[in-house]
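Undergrad: Given the coordinates of chain A, assemble chain B onto it according to the supplied hints.
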Amino acid sequence: MTAVAERRATSVPPTARVTFLGELRSEWIKFTAVRSTPWILGATVVVMVGLAAISAWSFSFLLSNPEDTGGPGVLPDDFDMAVQAAVAGYIMAQIVVAVLGVMVISGEYATGQIRSTLAAVPTRLPVLAAKGVVVSVTAFLTGLVGVGLGALVSIPLLSEHDVTIDLAREGTLLALLGAPLYLVAVALFALGVGTILRHTAGGIAVAVVIFFVIPLIWPNLSPDFFQETSPYLPSLAGARLLEGESATAALSPWQGYGVMLGWSALALLGGAVLLRRRDA
Amino acid sequence: MIEAENLTKRYGDKVAVDSVTFSVEPGRVTGFLGPNGAGKSTTMRMIMGLDRPTSGRVTVNGKPYAQHRAPLLEVGALLEAKAVHTGSSARNHLRALAATHGIGIKRVEEVIELTGLTDVARKRVGGFSLGMGQRLGIAAAMMGDPKTLVLDEPVNGLDPEGVKWVRTMVRYLASEGRTVFLSSHLMSEMAITADDIIVIGRGRIITTGSVDDIIAASTTGSVKVRSPRATELAEALQRDGVTITSTDSEVITVAGLQASAIGDLAAGRGIALHELTPISASLEEAFMTLTAGEVEYHSEAPVASAAAASSTQEASR
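Chains as they are written, first to last, in this note's numbering: chain A, 1192 to 1471; chain B, 21 to 337.
Extracted from the complex, chain A is given alone in its bound form:
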């Protein structure tokens, strides 16, 4: 054996080891370091505010021209126009959030980053958990900002009709927070799908079909089976949060959200099993 040289001093703490908090910081650094992140988050907010403005304007048109449009009577009972306008953007925002959820993992597979990530944290599951925390927090905060700004643009449009957001009214807060919570479930579902498929385009396509296409088709199919099961589809179940209490709905708002989170958990579980088993 050759002579052993003295090792240079380094700044690596001898106590250094993998911790979940460290992995969380690592995922946060990666998430914010990528240029697409601010674009996606910005797009989410813009879409939410834009749809809030369009909704508020159309509600205002409805109230201004009751003889042409049938007036507010065409809307369900207890329909809170100001609140529903503020959260209307969630429908489109969920697509952007789904893209984010898929890309946070599929982007690593596309670039080869995943091998660096999994070599640093070879037990692998903390990687998925940390990504879940990062996309959840981001989806919630983005949704909150989107709803807040949506309310700010829609209230002036409806104020001439004495319609406004009354936070003291029952169900208002639930509906306003419902949109960000809904987006959290979408982000987690998309992360699960992205982990299973490891492919950006495929993951986004699957998420869009499940959250956007199926809910439009499924309830309108003729056998009773489809109508009976449609409240349990992830998007329709989760939307109960924003709709508020209803005597006719199959699920209460929180039951509906629970069902939606169940779907997200299922997708993540599938992703976790495959992440552990497959070669990177």
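For the record, the hints were derived by calculation from the structure and aren't laboratory data. Fair warning: this is a prediction, and the values are worked out from it, not measured in the lab. Here a beta-carbon is modelled for each residue, glycine too, at the ideal position from N, C-alpha and C. Do not rely on the hints blindly, as some may be mistaken.
Cut-off 20 Å, straight-line C-alpha distance, at most; resulting in silico cross-link-like pairs (SDA-like, lysine to any residue) [unchecked claim]: (1) B:K143 with A:P1229; (2) B:K126 with A:P1205; (3) B:K143 with A:T1228; (4) B:K167 with B:G197.
Only some residues are given here: those of chain A computed to face chain B with a beta carbon under 7 Å [to be verified]: (5) S1202; (6) A1207; (7) R1208; (8) R1306; (9) S1307; (10) D1470.
TA: This is chain B only, laid out in the frame that chain A set:
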């Protein structure tokens, strides 16, 4: 210290790594030599816990890699150039890596300086050259100041200065008592950089040993002789265990006899010699000999392969 025991990886019917057993010792540079597709990268990915072995096992510093609580402090790996998100800067990539183990920003700056990336640390990795990507990969491998380094084709894509830098670096790291395991398909590079060599072909270990031993064992030295009476000399040298080939009427190549024996015999018969040159085989020739028949993708150059085949027969006779 890396120890592989009957390590096997199958993809469907195809055996990528076929029951390999080897150990890589600390304080030395061990080369992992083989043609493309021989199973080098697959073996290295199994060492790093990225690919699951079909059977057998491999440990690093006494444990399977995934069971270490601070894997970056045990093993640093360069497995492919640019295993990095193209949208990230080099510095952010290293920061994210360091964060997993609670390693501070000071170490990030250290490895950036160590690998000469200071000027490009804030640039997006997507725009990096292959050489820059390699330097970033080595920076990442050095992050945890690891006891063991696993480097897959570290000089690939580097300019001559970069090649020399890697060579000096791995020699130094081994001199510090670390285990250094690096792969290459370039025999010449291995001959300069490595102490020990593991030769792999078609997923199987062909031979292991020190560079010198491998060269000595796989070829018999030959002697180039130039003489106006070359034909006459060739007849005189003819005996069991001696192979004589002739390239032109005045030059013969003699395998199986020392230069001194040839000179003495020629002097005894009064044959004038114009040249008497011992030719020691290069690692490259040794490698060609060892892996003949083990190369997965033969090139379709008939002249080159015929020449390689005949020299192989000569050597093995």
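Undergrad: Each of the hints needs a verdict: does it hold here or not?
TA: Quick rundown of the hints versus the structure:
At most 20 Å may separate the alpha-carbon atoms for a hinted pair to count; B:K143 and A:P1229 meet this at roughly 18 Å. For the proposed pair B:K126 and A:P1205, the alpha carbon gap of about 14 Å is at most 20 Å, so the pair holds. Under the criterion of a C-alpha separation no larger than 20 Å, the hint pairing B:K143 with A:T1228 is consistent with the structure, at around 17 Å. Between B:K167 and B:G197, the direct Cα distance comes to roughly 8 Å. Compliance with the 20 Å bound is thereby established for this hinted pair.
Of the supplied interface hints, the one on A:S1202 holds, with its beta-carbon coming within about 4 Å of a beta-carbon of chain B, less than 7 Å. Because the smallest distance between the Cβ of A:A1207 and any Cβ of chain B comes to about 4 Å, under 7 Å, the interface hint for this residue holds. With 7 Å as the threshold, the beta carbon of A:R1208 comes within range of chain B, its nearest partner Cβ sitting at about 4 Å, so the hint holds. Because the smallest distance between the Cβ of A:R1306 and any Cβ of chain B comes to about 5 Å, under 7 Å, the interface hint for this residue holds.
The closest approach between the C-beta of A:S1307 and any C-beta of chain B is roughly 5 Å, which is under the 7 Å cut-off, so the hint is satisfied. Proximity of A:D1470 to chain B holds as hinted, the smallest CB-CB distance being about 4 Å (cut-off 7 Å).
In summary, the structure agrees with every hint in the numbered list given earlier.
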